[in-house]
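K.L.:
Below are the chains, spelled out letter by letter.
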Amino acid sequence: MLTIAGHTFRSRLFLGTGKFPSAEILQRSIEASGSEMITVALRRVDLGDPADDIMAVLDRNKYVLLPNTSGARDAAEAIRIARLARAAGSGDWLKLEVTPDPRTLLPDPVETLAAAKELVREGFKVLPYINADPILALKLQDAGVAAVMPLGSPIGTNMGLQTRMQVEIIIAQAQVPVVVDAGLGAPSHAAEAMEIGADAVLVNTAISVAGDPVRMARAFALAVEAGREAYEAGLGPQGKEAAASSPTTGLDFIK
Amino acid sequence: MSAMFEIPDFTELQRRINAAGDEDVRTALKSAQPGISGLAALLSPAADAMLGEMAHRSSAVTVQRFGRVTQLYAPLYLSNYCTNRCAYCGFSAENRINRRVLTLEEAEAEASILLSRGFNHILLVSGESPKILGVDYLEKLALRLREKFAAVSIEVQPMEEEEYARLFAAGITAVAIYQETYDRTTYDEVHLSGKKCDFEYRLATPARAAAAGMREVGIGTLLGLADWRAEGLALGMHLAWLRKHFWRTGLTVSFPRLRPAAGDFEPLLTVSERNLTQLICALRIFDPDVGIVLSTREEARYRDGMIGLGPTRYSAGSCTAPGGYADPDLDGEQFAIGDHRSLEEVSLALRHKGHDPVRKDWDISFQLIP
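Protein sequences, first through last, are from chains A and B.
Under the working numbering, think of the first position of the first sequence as 1, with each following residue one higher.
Under the working numbering, think of the first position of the second sequence as 1, with each following residue one higher.
Just so you know, these hints were derived from the structure itself, not from any lab.
Built from N, CA and C at the ideal position, the CB exists for glycine as well.
Treat the hints with care, since some could be wrong.
[To be verified] Interface residues of chain B toward chain A, partial, derived using beta-carbon atoms under 7 Å:
1) Val69
2) Arg248
3) Lys360
[Claimed, not checked] What follows is a list of derived Cβ distance ranges for each label pair:
4) B/Ala19 x A/Thr104: 27 to 35 Å
5) B/Glu6 x A/Val110: 32 to 40 Å
6) B/Gly305 x A/Asp49: 26 to 34 Å
7) A/Ser188 x B/Ala3: 42 to 50 Å
8) B/Ala204 x A/Met159: 35 to 43 Å
9) B/Arg184 x A/Val110: 38 to 46 Å
10) A/Ser188 x B/Arg184: 51 to 59 Å
11) B/Asp48 x A/Thr3: 58 to 66 Å
12) A/Met159 x B/His56: 16 to 24 Å
13) A/Thr104 x B/Pro260: 41 to 49 Å
14) B/Ala19 x A/Ala172: 25 to 33 Å
15) A/Glu122 x B/Glu23: 19 to 27 Å
16) A/Met159 x B/His245: 21 to 29 Å
17) B/Glu147 x A/Val110: 27 to 35 Å
Construct the complete structure from the given sequences, taking the supplied hints into account.
P.N.:
See the structure below:
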């Protein structure tokens, strides 16, 4: 079972709540995904409004609420909105996103590290969204983050695990959980991330803009489970040469 | 700032557009990044026959980037005083309309009405009369509104970078500043007197707003003044230039079509709904990330039809006369509205089309120093 910051999760699929056609479809998608960790953009919700459409569907007894700082351009902004959100009751969990380029929404490594250090110091359980940079992941780990969230490809692109080599290095080196975030566009992409040993994946666009988001949420849940099972079972080696499944290479000439 | 945005002569833009043939349109439609030459093709007369394919591509790009989501906002008109004479505008200085500027209290009261109607994003609008409504007024109003709204943007006279920086610090999130027309000849013809006559100063304004740190800058052209195809290409070039020079700034575009207004100005040329649709789809395919605003200038039927095809932001329940939310009988409006539905009614129409009507997609806390 996956444990992050002392909390145990049965599902290794985390869900984002953006771009859904309605709160009702979001709710059904969350249920179909089996996810227990749901991220919400603080810019999008009104924590002070009990009738807020997104907050209303998130049963805090069933799901860990992972507020994110999407929209923050630098460390100061991310820290400010994180503090205000916690004061408004959003809890200690925080998905740290510092994305100064509104076009690609790629994360700023310098500002993310600076913000993470401060927010960890203030007692947040910080899960930073980062480019797939192994050294940055280690520095964040040293800073005390609860997990690292490298991207598979730029957010919303559905291009899959383009950063595979780098993510493999992060997985090999990190002591904190590694959650592949952003760009996973198909269940097969999520399965691939899980097969190489990611502890979890976070999916949003691929589900929310699917023809049927609820069924796609279920598809991702199955893929994540399959990928994890394969990882734990131990994948056979890959090679370009054909390899017989029942080797006949005889060494019987050896006495 | 190191460089200024420059646009080619309008006739050169038209030449590039009209040179595009069917094959150029097909190439642009297939290309992941059509670029300026692709945009020219998508705006061409040849592309009209492929409008269906363009809408299909535009819709797919919009859904992937923004989801089935449309943001909603309302304009708040503060003043209809204006020192410019612009042939097309109801606020034009020579028009004999009832002039009014809201006191800060009145403006706050109007804002409270919008808040009670469910709006969380508002756009402060005024005629251009800096002595009556200048940066001091806007700064004071922003400070009063910033605790109440998720996002407050402005569409007022062009300002200096320092003034934009002051307003940003006071809680203004975004600036909309439309060139109206990128054709210098037409620009000179319709801007008869006032500061707005300075084409270059206005053209450089979006860059000043971005340089001052505004989160978002909106640019646009008023349709009905000059060749809409060339306007679209010029707008695309402006957009691309801003992207290169201000990578931190979010960008939106708007294509207001001229509406009946005081002064009885007749549009210099007609831009049909089909033309507008081609323009919107072309810009969306050209720039998948740009926000596209479709205001209540357009009729409900058209706005409903366009849901999901490219636009990402709709206004609703709008009144274009200062003080018009508290007193709906007030005159002195900028132009006549085409879609009179309330926020609830527009939200319902969006839901019918499988879109989430989003009232809050920002948080003023990002930019406020406590």
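K.L.:
Next step is simple, just say for each hint if it's right about the structure.
P.N.:
Against the structure, the hints:
{"no.": "1", "hint": "Val69", "result": "holds, 6 Å"}
{"no.": "2", "hint": "Arg248", "result": "holds, 5 Å"}
{"no.": "3", "hint": "Lys360", "result": "holds, 6 Å"}
{"no.": "4", "hint": "B/Ala19 x A/Thr104: 27 to 35 Å", "result": "holds, 32 Å"}
{"no.": "5", "hint": "B/Glu6 x A/Val110: 32 to 40 Å", "result": "holds, 34 Å"}
{"no.": "6", "hint": "B/Gly305 x A/Asp49: 26 to 34 Å", "result": "holds, 32 Å"}
{"no.": "7", "hint": "A/Ser188 x B/Ala3: 42 to 50 Å", "result": "holds, 45 Å"}
{"no.": "8", "hint": "B/Ala204 x A/Met159: 35 to 43 Å", "result": "holds, 37 Å"}
{"no.": "9", "hint": "B/Arg184 x A/Val110: 38 to 46 Å", "result": "holds, 43 Å"}
{"no.": "10", "hint": "A/Ser188 x B/Arg184: 51 to 59 Å", "result": "holds, 54 Å"}
{"no.": "11", "hint": "B/Asp48 x A/Thr3: 58 to 66 Å", "result": "holds, 59 Å"}
{"no.": "12", "hint": "A/Met159 x B/His56: 16 to 24 Å", "result": "holds, 21 Å"}
{"no.": "13", "hint": "A/Thr104 x B/Pro260: 41 to 49 Å", "result": "holds, 42 Å"}
{"no.": "14", "hint": "B/Ala19 x A/Ala172: 25 to 33 Å", "result": "violated, 55 Å"}
{"no.": "15", "hint": "A/Glu122 x B/Glu23: 19 to 27 Å", "result": "violated, 60 Å"}
{"no.": "16", "hint": "A/Met159 x B/His245: 21 to 29 Å", "result": "holds, 27 Å"}
{"no.": "17", "hint": "B/Glu147 x A/Val110: 27 to 35 Å", "result": "holds, 31 Å"}
Of the numbered hints listed earlier, those contradicted by the structure are 14, 15.
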